[in-house]
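Mind docking chain B on chain A? Use the hints.
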Amino acid sequence: MDFLRPATLREALEVKAERPDAVPIAGGTDVMVELNFGMRRPGALLDLNPVGELTGVDTDRDALRVGACVSYTRIIAELGGRLPGLATAARTVGSPQIRNRGTVGGNLGAASPAGDMHPVLLACDALVEAASVRGTRLIPAAEFYTGPKRSVLEPDELITAFWMAPAAAPQQFAKIGTRNAMVIAVCSFALCLWPHGRPGSAGPGSAGPDGGGPDGGTGRVGTGIGSAGPRPLRAAGAEEFLDGELAAAGLWESRGPLPEAAGRRFGELVAAAAQPIDDVRGAAAYRRHALAVLARRTLTWAWDSYRKEAVA
Amino acid sequence: MKVSLRVNGRDLTADDVWEGESLLFVLRERLGLPGSKNACEQGECGSCTVYLDNRPVCACLVAAGQAGGRDVVTIEGLAGPGELDPVQQAFLEAGAVQCGFCTPGLVVQAHALLSRTVDAGQPVPGDAEIREALAGNLCRCTGYEHILAAVRLAAARKAGAGQGGAGPGEEEQQ
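Going line by line, the protein sequences match chains A and B.
For the first sequence, this note's numbering begins at 1 and goes up steadily by one.
For the second sequence, this note's numbering begins at 1 and goes up steadily by one.
Among these hints, one or two may not hold up.
To be verified - Cβ-to-Cβ under 8 Å is the rule here; a few derived chain B residues that face chain A:
# : residue
1 : Gly20
2 : Ser22
3 : Gly43
Derived from the structure by calculation, the hints contain no laboratory data.
A virtual CB, placed ideally from N, CA and C, is assigned to each residue, including glycine.
Chain A on its own, in the form it takes in the complex (with noise of 0.2 Å):
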């Protein structure tokens, strides 16, 4: 086995085009497990911790850039005002420990379905940045995702960053496990409110850098659901039965209550649309109810907080 380490970006892709067999490593959280315990003998580790470029947050422009190695802990520290949805999500991931050294960009690189950042980055059009030799690409996180652990990454790229609209409503995101730490989710759902539309409904890379942001249009609700299919998945009927009861209601002005049975429906067409299986963490019917009360619950606790930003 070689242990590449490159010291730039450049350096780094150069390297990936020549050896694709060469498996990334940055806070080694996933990748160290494999490796310890034998099940897997990759001809090569790629040390992405001295790439200075996969490390730093980008804020000029209207969507946030996040580069890949941005560990949980840095998450939460410095952008859990503009990200709350992804930082509540990085609060749930392993200890502190596994926070300082886990990163979004292996988050993705795993592509587990039970991954914790998969539902925000769905729920809110994240984009994944992919770089090669051949150059970079934004890949929408709805498009990202194929299968349990597979994902539409070519042998040669890179994930160098990710794309996130800054929060214009509440976020939540919620899992389920059997303690409050250590825990990869049976299953978890995230939940973002956008009154001015999606970030990604302005068409492709609205998100990203050359964007215009939310589409100026009427209110969305953003659904991601993890450890609940073959691959993280969006709960599309759930979100246009919410973004018709919103609208129908003109909730998102009036920021009046919630019906309780759109909350009740909304979480039925949530548990609808996962795909779960049984297996050693959950059963798939389980995983089907905790899910219908996870969206009701993430909807409720989001919906209230907009209703109180009107008065403060």
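For chain B alone, coordinates are given in the frame of chain A:
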């Protein structure tokens, strides 16, 4: 491969390091520093917690090569020879040690908590903050109550020494 790093203030080099091995293995098996414990090897238990560039991490999840050129502090380096860090002293006095396997990781993690709170002029951490900070450290003897007492004791002493204010006993109000 060769890995050169700074450990507890000394520049050391480990030879014949396998590219896929962990910082923990290098510390224990190649550099003669067995204080950091090897238990779960998957970041679940915190027994191998060390400082890497001033941040506590699980040494079992850092690839040896990633530690090259960086600064590591282990349980052996928290205090000088023959001395105890206030956190270590508090663990002794509070009876926070049973089989002792989780102790080094807990001491380093508690040390990190107090470094960024009391030592930095922040308030003494309350129980919720201590529990959150130690959530990634497992004690299979289940001696958590005494461990919490030890951290409270160390925090109160540091606060008292730093500001001449709060003494032991007041910390439970925080």
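Status of each hint after checking the structure:
no., hint, in the structure
1, Gly20, "holds (5 Å)"
2, Ser22, "holds (6 Å)"
3, Gly43, "holds (6 Å)"
In terms of the numbered hints stated before, the structure departs from none.
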